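Chains as they are written, first to last, in the numbering used here: chain B, 52 to 396; chain G, 52 to 396; chain Y, 52 to 396.
If you're looking for bench data, these hints aren't it; they were derived computationally from the structure. Please read all numbers here as calculations on a predicted model, not as lab measurements. It is possible that some hints are incorrect.
A pair counts as met if it fits within one copy or between any two copies, since identical chains are not told apart.
[Said to hold, decoys possible] Mimicking EDC-like on lysine to aspartate or glutamate, the simulated pairs with C-alpha atoms at most 20 Å apart in a straight line are:
1. K357 <-> D321
2. K337 <-> D112
3. K337 <-> D101
4. K357 <-> D347
5. K357 <-> E184
6. K103 <-> D375
7. K357 <-> D269
8. K357 <-> D393
9. K73 <-> E274
10. K103 <-> E353
11. K357 <-> E241
12. K357 <-> D134
13. K103 <-> D352
14. K357 <-> D101
15. K357 <-> E237
16. K357 <-> D135
17. K337 <-> D104
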Amino acid sequence: MTRLCRTFQTAPAAVPRDDTAKYLRSGLTAEGFATPDWLVPDLEDGTAPDMKDAGLDNVVDLLPEHAPGFGGEVWPRVEWSYDDAGLRDRGREQIDRLADGVGEHLDGVVVPKVGRLADLERAATAVADAEREAGLPDGSLGLAIIVETARARSDLREIGRFGADSRLTALVFGPVDYTAELGGRERDGERPEWTGLLEALSNEASANDLLAVGGPFDRLFRERAGVTFYNGDAYADRVEQEAHLGLDGSWSLHPSQTEQANRIHMPGVDALRRDVRRIEAFQDAKRSGTGAAMVDGQMVDEATFKNFANTVETARAIHDQAPDQAAATYGDELLDRALALDTSW
Amino acid sequence: MTRLCRTFQTAPAAVPRDDTAKYLRSGLTAEGFATPDWLVPDLEDGTAPDMKDAGLDNVVDLLPEHAPGFGGEVWPRVEWSYDDAGLRDRGREQIDRLADGVGEHLDGVVVPKVGRLADLERAATAVADAEREAGLPDGSLGLAIIVETARARSDLREIGRFGADSRLTALVFGPVDYTAELGGRERDGERPEWTGLLEALSNEASANDLLAVGGPFDRLFRERAGVTFYNGDAYADRVEQEAHLGLDGSWSLHPSQTEQANRIHMPGVDALRRDVRRIEAFQDAKRSGTGAAMVDGQMVDEATFKNFANTVETARAIHDQAPDQAAATYGDELLDRALALDTSW
Amino acid sequence: MTRLCRTFQTAPAAVPRDDTAKYLRSGLTAEGFATPDWLVPDLEDGTAPDMKDAGLDNVVDLLPEHAPGFGGEVWPRVEWSYDDAGLRDRGREQIDRLADGVGEHLDGVVVPKVGRLADLERAATAVADAEREAGLPDGSLGLAIIVETARARSDLREIGRFGADSRLTALVFGPVDYTAELGGRERDGERPEWTGLLEALSNEASANDLLAVGGPFDRLFRERAGVTFYNGDAYADRVEQEAHLGLDGSWSLHPSQTEQANRIHMPGVDALRRDVRRIEAFQDAKRSGTGAAMVDGQMVDEATFKNFANTVETARAIHDQAPDQAAATYGDELLDRALALDTSW
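Bound conformation, chain B alone (with noise of 0.2 Å):
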């Protein structure tokens, strides 16, 4: 079953607000194109030192109430670091509250600034801990991993492989801190693309059966002659490239990035009736024993197959995780179809 990340989508567990939980109910009730595949309850950069206590209760109180109803996996995310104990130990803590106080409500933890591949396993024990300690099914808890560190970047391929067979769920760029620890520096206010670091993640992540998520996009809003506007433009041209290299999902900072993540990262309605009416017309002639299937004029063969394939089975994940985002984009009648369908080869 195709798992979904379209949206990775990060709220600050407290802030320094009446409603320290403003944000965080705010992503939990969050209904339509707006819920995020993956909302991030974050107790990390996200949340001031001294809030963090806070957004830890937050994050255990509202859960048995929002949790339920939320349309979304709920990953929150720790405090760690490679080369920082205090952190880890802080991060144990954190991981360890989380799974005792709201286990059953959580898909996983995220976990920051992960160094070689010794200390995701490190990391990765944390997570089995503390879900053996809260008496929560094995394998109940997944991780999710910010590759923010030139030791992730270095070890990359032995994370992946280590994901292959283990709670390991998510490679999640994380341009900021990556970009300075390399000492990288803007250039025309930008930072570098790191192509190839994108192109690997895309590549382990597919090797290992991995979810691959691109990171956070933070100029939300623009100002022109005077006017201030949300960067929908800006945005929706980055989660587009994020797509065309294969990445499953795009960070989201705001509903409003939610909403065009998960509608770019979804198979548009054309694409999904072209596919659907191309593999209907290759079982039949499959069923009539015609041997090579011509369909819109070309050969299909097993590798072109596998992409209309794909973007059935996508579209039905949508549809098993948010249906009403299915509904709205397909129509109950192309969605009959592509539920119908028989998509193997």
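For chain B, the structure is supplied; the task is to place chains G and Y on it using the hints.
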């Protein structure tokens, strides 16, 4: 001796026409610049499922007549997949039949969709078994692979090292399957360029004395203002970019592509004349004992000299394999000078 | 302590002139921004075969007089090649002679054309042997390598890890030999950018606390409308791109290139003033116990703080090694604030 694969031309082994071997025969009887360095009778995606038996028959039938007079090497592509045991069984049967039936006319076989190193080793074993069963000399059948899975990309360094001391001869990029496996999506009608992968392919080939070849370019024709014509600029641009990155050759789907890629992957006549002259001047200086040789106002160091020598050695290899192409490009006088040269530092 | 190599300036150790040491002497007596962080007397490709002995004599003769007053480090480049035992023997003799004759004036040696990890280990052993024979303190001679072979690129990760705990100090890109070895070809007069390699060089250097340096830019001058002038825009663009990707320094072939690259690889005065102010504000907030610090309207997290601290620490290192450059760039008042700062989080 420099091995050539300027052009890797696939031809369907059988097509649904009266003459099912039309394209295969056409490839095997090509002349002049339309002769590919490697002709690849395609039993995989280029031949329809119900025509694969006919395709294998065609290869076995035609090679004894046409291979002896054909100017290039012959490398059939068989079926295979790292994740489909049935396809691997079919691939083994095809390799056995080819080795047994026309082994002495083959230079090797091309195996697609290999996965990690262990899967490549399976493919190499299949070729070794077939070679032995057919009573062919040890190592007479080469192996080339299509690099088109995330697993092969992940293991590319180990795959290259395996190639340093085995029958593995060439690494060929397969962008369609690769992009599908990573879930990459076209943008403005284009697949990702996968520059990081191409750099790595070129590097690992050079590090292990293998050949590196780019992927197919399937927009053979284009239409403008009602007229459809051969898309020769776009293909030549692609091939020039592949030569830029140090790939040894390009994939061809059509005799016109072969003509272009053969020429682009040859040293030009001006480059050969210049480098022949430089080596002659350098060797004169060495003989006259003046020490450091200045040629064209530049001091010639060993690195620069190696560049000159590469040009000359590639031209010599083309002269060996395709003397008509070498003569037509360079003329007899320049060619004689190139053949007479001492290319040692 | 941050180690600097903003500029890696090669100078031929001997040239065919009356004063064979002209460029070497000029490098060793450079002042102000024309002083390279590393001066590299070149016994390899920059010195003609018949002048190599004179070059070695020049280095041994000049260092005792000039090295003590020289503002940068001294790293001669010797001969070497992974595939030529004769060159490696010559390299060992050169290293021995340098260590024995002027070891106390050297910071290390630069070894070109290393191959796989095992060849780097041979080079490191040669330096260790020479160091011991010369009675120099253990580890006093560093090792830098030119990454310019397919084998070194293939083993870059292992080479980096070797550097984490050895005398290996810097990874320097060598694009001319690298492009030749891969068989890459100029296009529109340009070599490939090898972005994937540069990303990896920057990453492996950061993962293992090594320095990463870009390759030489040899179009020193250009001509327009009959006038020839220093090609300063093209070089500065190149150096800015290298800083963008996180390289620590750039190769220089000329004092003007050194002046530019020294400045580009320094934090600018505005950046230093801004980051000093931010750290001061952050430390004030920490002392006043207000918790999360807002600076310039943004919350300062640890990742952001580390960026500020990097700026300050690089400026301090420049102040240590080239106090005149630091004073000229930043002024005394800002420099005093930078030196007084607490850069811990």
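Hint check:
Proximity of K357 and D321 under a CA criterion of 20 Å is satisfied intra-copy only: 18 Å inside one chain copy versus 47 Å between copies. Taking the closest pair of Cα atoms, K337 and D112 never come within 20 Å of each other, the shortest separation being 56 Å inside a single copy and 29 Å across copies. Taking CA atoms no more than 20 Å apart as the test, K337 paired with D101 passes between copies only; the shortest distance there is 11 Å, against 65 Å inside one copy. With identical chains, the CA atoms of K357 and D347 are at most 20 Å apart within one copy only, with a shortest distance of 16 Å there and 51 Å across copies.
For the homomeric pair K357 and E184, neither the shortest alpha-carbon distance inside one copy (43 Å) nor that between copies (35 Å) is at most 20 Å. For a Cα distance limit of 20 Å, the shortest separation of K103 from D375 qualifies neither inside one copy, at 35 Å, nor across copies, at 45 Å. Only between protomers do K357 and D269 lie at most 20 Å apart by alpha-carbon distance; the minimum there is 18 Å, versus 36 Å within a single protomer. Taking identical chains as interchangeable, the C-alpha atoms of K357 and D393 lie at most 20 Å apart only when both belong to the same chain, with a minimum of 12 Å there against 54 Å between chains.
When the C-alpha separation of K73 and E274 is checked against a cutoff of 20 Å, the pair qualifies neither within a copy, at 26 Å, nor between copies, at 57 Å. For the homomeric pair K103 and E353, the shortest alpha-carbon distance between copies (14 Å) is at most 20 Å, but the shortest distance inside one copy (52 Å) is not. In this assembly of identical chains, K357 and E241 lie within 20 Å of each other by CA distance solely across copies; the values are 19 Å between and 37 Å within a copy. Taking the shortest alpha-carbon separations for K357 and D134, only the inter-copy value of 13 Å comes in at or below 20 Å, while the best intra-copy value is 43 Å.
Only between protomers do K103 and D352 lie at most 20 Å apart by alpha-carbon distance; the minimum there is 12 Å, versus 54 Å within a single protomer. Taking the closest pair of Cα atoms, K357 and D101 come within 20 Å of each other only across two copies (19 Å); inside a single copy the shortest separation is 51 Å, beyond that limit. For the homomeric pair K357 and E237, the shortest alpha-carbon distance between copies (16 Å) is at most 20 Å, but the shortest distance inside one copy (40 Å) is not. Taking identical chains as interchangeable, the C-alpha atoms of K357 and D135 lie at most 20 Å apart only when they sit on different chains, with a minimum of 13 Å there against 45 Å within one chain.
Within a single copy, K337 and D104 get their C-alpha atoms only as close as 61 Å, which misses the 20 Å cut-off; across copies the closest is 18 Å, which meets it.
In summary, the numbered hints that this structure violates are 2, 5, 6, 9.
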